Each structure stands twice: as C-alpha cells, then as structure tokens.
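In case you want the letters, here they are:
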Amino acid sequence: MSDNALIKVSNLKKHYNGGEVKALDGVNCEIQKGEVVVVIGPSGSGKSTFLRSLNLLEIPTDGQIVFNGADITAPKTNINKHRQKMGMVFQHFNLFPNMTVLGNMTSAPVKILKKPKSEAEEKALELLDRVGLKDRADAYPSQLSGGQKQRVAIVRALCMEPEVMLFDEPTSALDPEMVGEVLDVMKNLASQGMTMVVVTHEMGFAKEVGSRVIFFDEGIIQEEGTPEEIFQNPKSERLKSFLSKVLI
Amino acid sequence: MSVIMNFIAEFKRVMLDGARFDLILVGLKNTFIITLGALAIGIIIGIVVAAVRTSFDKNKESMKLRGGVGYYVLAFFNAVCKFYLTVTRGTPVVVQLMICYFVIFALADDGIPVAIFAFGFNSGAYVAEIFRAGIMSVDNGQFEAGRSLGFNYFQTMRYIVIPQMFKAVLPTLCNEFIALLKETSVAGYVGVTDLTKAGNTIAGRMYSYFIPLLTVAVIYLVMVLILSSLVGKLERRLRKSER
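So the protein lines, in turn, are chains A and B.
Here the first sequence stands for residues 46 to 293, where the numbers follow my numbering.
Here the second sequence stands for residues 24 to 266, where the numbers follow my numbering.
Keep in mind that the hints were calculated from the coordinates and are not lab data.
Just to be clear, a hint being listed does not mean it is correct.
Stated by the list, open to error - Which bits of chain B does chain A cover? Going by a derived footprint, with three or more residues having C-beta under 8 Å, they are:
1) 30-38
2) 134-140
3) 155-167
4) 173-179
5) 185-195
Quantities reported herein were computed from a predicted structural model and do not represent experimental measurements.
Just so you know, even glycine gets a beta-carbon here, dropped at the ideal spot from N, CA and C.
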C-alpha cells in the first residue's frame, strides 16, 4: 500500500525562531490516490501549516515529502512542476481581482502549460458550467458573492488538472448560507475520485465525505482513522475534549 | 483696458521680438528630453532595485532553509541597492547633477545626456521605493495563489503581482513624474538651456524679470495639469475591474 502512495510525508517539522515555536513537530502520513483526507484540530495545532507544507508554500525545517515518487523537499527539485499537479484552495479565495473569472481560470493553463487560449477557455467554461457559474465567466471577482468566489477558486485550480486538491479552510470565510454551495462542489469532486486533503471545521463534511480523518494537535498527528472511528470512538483525551467542543 | 494692452505690448517686446520666444521653445524641448529620458532611466533603475529588494525580503527565509549560495548573492545585491537608496535620497539632486557633470563626466561637452543620467539616477531611487511599497501592498495571498498554480517567482510577479501593483502606485508615480519635471529646472547649473534657464536668459538680456519668469511658470503649470489629467484618465480605465 505504501508503495503507491500519492503523497508520503515523513518526519515533517516546521520550527520558527530557531526551534522556539514548533508548528509541526514530526508528522508522518501517507495519502493514497482517491482518498479524501480531512484534517481537523484546534487553531494553532499546525493543520494549516501541514497543508501548506505539502506544496511547499511553507518550507519545512526538516523532514521529507514525496509526491508522485519524487522527493519535493530535495533542494534541486523544481517545485513549480509539482505545484501544477497540486491544486490549492484558500480560505480567502485569492482570486486575481484584475482578471475576469475566465481570465483567472485560463491564465495558468495558457501561460504555464502553453495551451491555446481557445482550448483553455473551452475547458474553463465546461468547468464553470459544472459549478453553475457559466453565466458569470466575464464577471470580475468583486462582482461575485463569497460562495461564488470560492467555487471559481476551486475550478481555477481544476483547470490545471491536478492530481490532488488541497483545501485550506475553504468555508471559514463564508457567510453561513453560502457554505453549502461550496461543500456541494467539494462533495461532487470527491465522488469523481479526486484525491483531496481538506483542512476544515465542517465536521459534517468530514463525516459524510472523508475517507480518513486526521486529528492534529501541538504540531503532530494525535489520532487518525475513519470518520466512524474518530467521531464515534475517539481514543485520546485530547480528541474527546476537542470533539465535545465542536460537536454540539 | 490699458493695463491689459500694456501687458500685451510688454510681452511682445520682451518675449516675441527678436525671435526670443524661440529660446523658450528650445528650453521646452530640452526640458522634455531630459524629463522623458530621466523617466525611462528612473523606471528601469526603479524596477531593478525594487525587484532585488522585494525578492530578498520575500525569499530570504526559504533561501536560507534550502541552502546554496543564492542567498548570499541576493543579500549582496540587496546591500548594494540599500546603499544606492541611502546616498541618492540623502543628497540634493543639484549636488548629484554637478558631481556628474564636473567630476564623473568631466570630459562631456554636452550637458543634456549628463543631466538625463543624473536625474534618472536620482529619480530611480524614489521610483524604486514607490514600486516596492506597491508590491508590498498587494496581498500575499495573491502571490501564494500564483505560486500554488505553478507559476514560478518571476511569472507570479509579472502576471499577477505587478499588474496589481501598477494600479496601486499610479497616482504616486505620477506625482514623482511631476516632481521630476519641475526638478529638471536646475539643469541650468550645468549649462543646459532648459525651460527655466531660457526664461532666465531672456530676463537677463532684457533687464525684465516678471514676464519671462511668469511665462516659464505658466508653461510648467500647463504641462503639469496635462500630465495629471492623463493619469486621471488612465486610473479610471484601470479601475474598471472594481465596478
């Protein structure tokens, strides 16, 4: 099983101030193709740092990340090549405000993959159609609602045809009534077999869609298992107390 | 009525007779050449210096962690840029101009290229800081979004950060250009007939200061107003994406 892991993380550490702050303190984990891994934990537990380390937005202090059989933490790695295969969705959407929705989606395929513009636009429109935003293709991000922005951000990442999608609290900045539309898109994506790593506070999503749940605290994985194991049968005291606070 | 008639007659006597206004036109042309040339040099220097400074600030942590000599090379150029900014912004432009003309390019017989260089060198420092502030004002999330899509550092800057930066700095950059246009009025120190020098020459020749200097002032004012309105138009066009 470990041989065909899409992402293999070993002994990942991220220290700040010369080791004073340990955001990640030795994380080991494997992500298989097609898995939906949901990462939960209290704020400051290192779950976002972990996610951002996977595509090296945070450079780890120590440890190794193997993606598709390549050690992306090696100094000579061309990380840009690997990032093209790792889509990322941010809490604050980070759409490019100076480009239309279509521009946001086609810039990377056209400029990086050198795809013809017409082909990239066709693909973008098809994806927009799937998330019900085809009619907003020529809008600017400032003209969209939060939920629409996040849906565009998801399909923008999909335009690069990634092998894994990383979600960094994708619904935390949304008004409550817009959370559903974004989660629906993510569920849809999961059902199509996309490998996903999702940092979230949406326990409902974790239960329903997650194939595995990882509980982070103090920079390490405290507990992991299927949603049933984690939510119905938590072992560690930390996880029990965390769940008692978030599950009402 | 007679006041106005007198003024027109005096204007004609001082400025127009003997083809003296041609001198103003020569000065205006030189002011234009110096300002535009200095602008080009200033922007090029500004881009390079801002690029070095922001690259260093953005990448120093990760470069240190990933090892290699890259960090030290960039740190060296960053130090050079800081030195340039300190010296250039810490000394008057007239002094820099005179050092260029009388010391560095002492063999040059034409003051105009020297003036272009000196004003460009000076303006570059201010433009660099404007660009740097502009780049820093673009949300880091934009940068991260670009990198996460697979753009490399330079592509992210070129396609995502710099277009947004440009919009943010446009008014400030315009002020710098206006300041530069007016600053070139000290070019007369190195024997260049710019607009101010032309007015001053006529004034000296005619023993009449009011009209030549007023003329010069009005020409500067008109140029500044035109420049401001052009930038206003450009700004409105760029703001389209914020409807």
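- Task: Establish whether the coverage given for the segment 134-140 of chain B by chain A is satisfied; the threshold is a Cβ-Cβ distance below 8 Å, and no fewer than three residues must meet it.
- Result: violated (count 0)
- Taking a Cβ-to-Cβ distance below 8 Å as contact, does the segment 155-167 of chain B have at least three residues touching chain A? Coverage by chain A holds for the segment 155-167 of chain B (4 residues, Cβ < 8 Å).
- Item | 8 Å C-beta criterion, at least three residues: is the segment 173-179 of chain B covered by chain A | Held - the segment 173-179 of chain B has 4 residues with a Cβ nearer than 8 Å to chain A, which meets the minimum of three.
- Message: Is the listed coverage of the segment 30-38 of chain B by chain A valid when you require three or more residues with a beta carbon under 8 Å from a beta carbon of that chain?
- Response: Violated: only 0 residues of the segment 30-38 of chain B have a Cβ under 8 Å from chain A.
- Query: Three or more residues of the segment 185-195 of chain B near chain A by CB distance under 8 Å?
  - Reply: holds (count 3)
Hints 1, 2, counting from the list given before, are not met by this structure.
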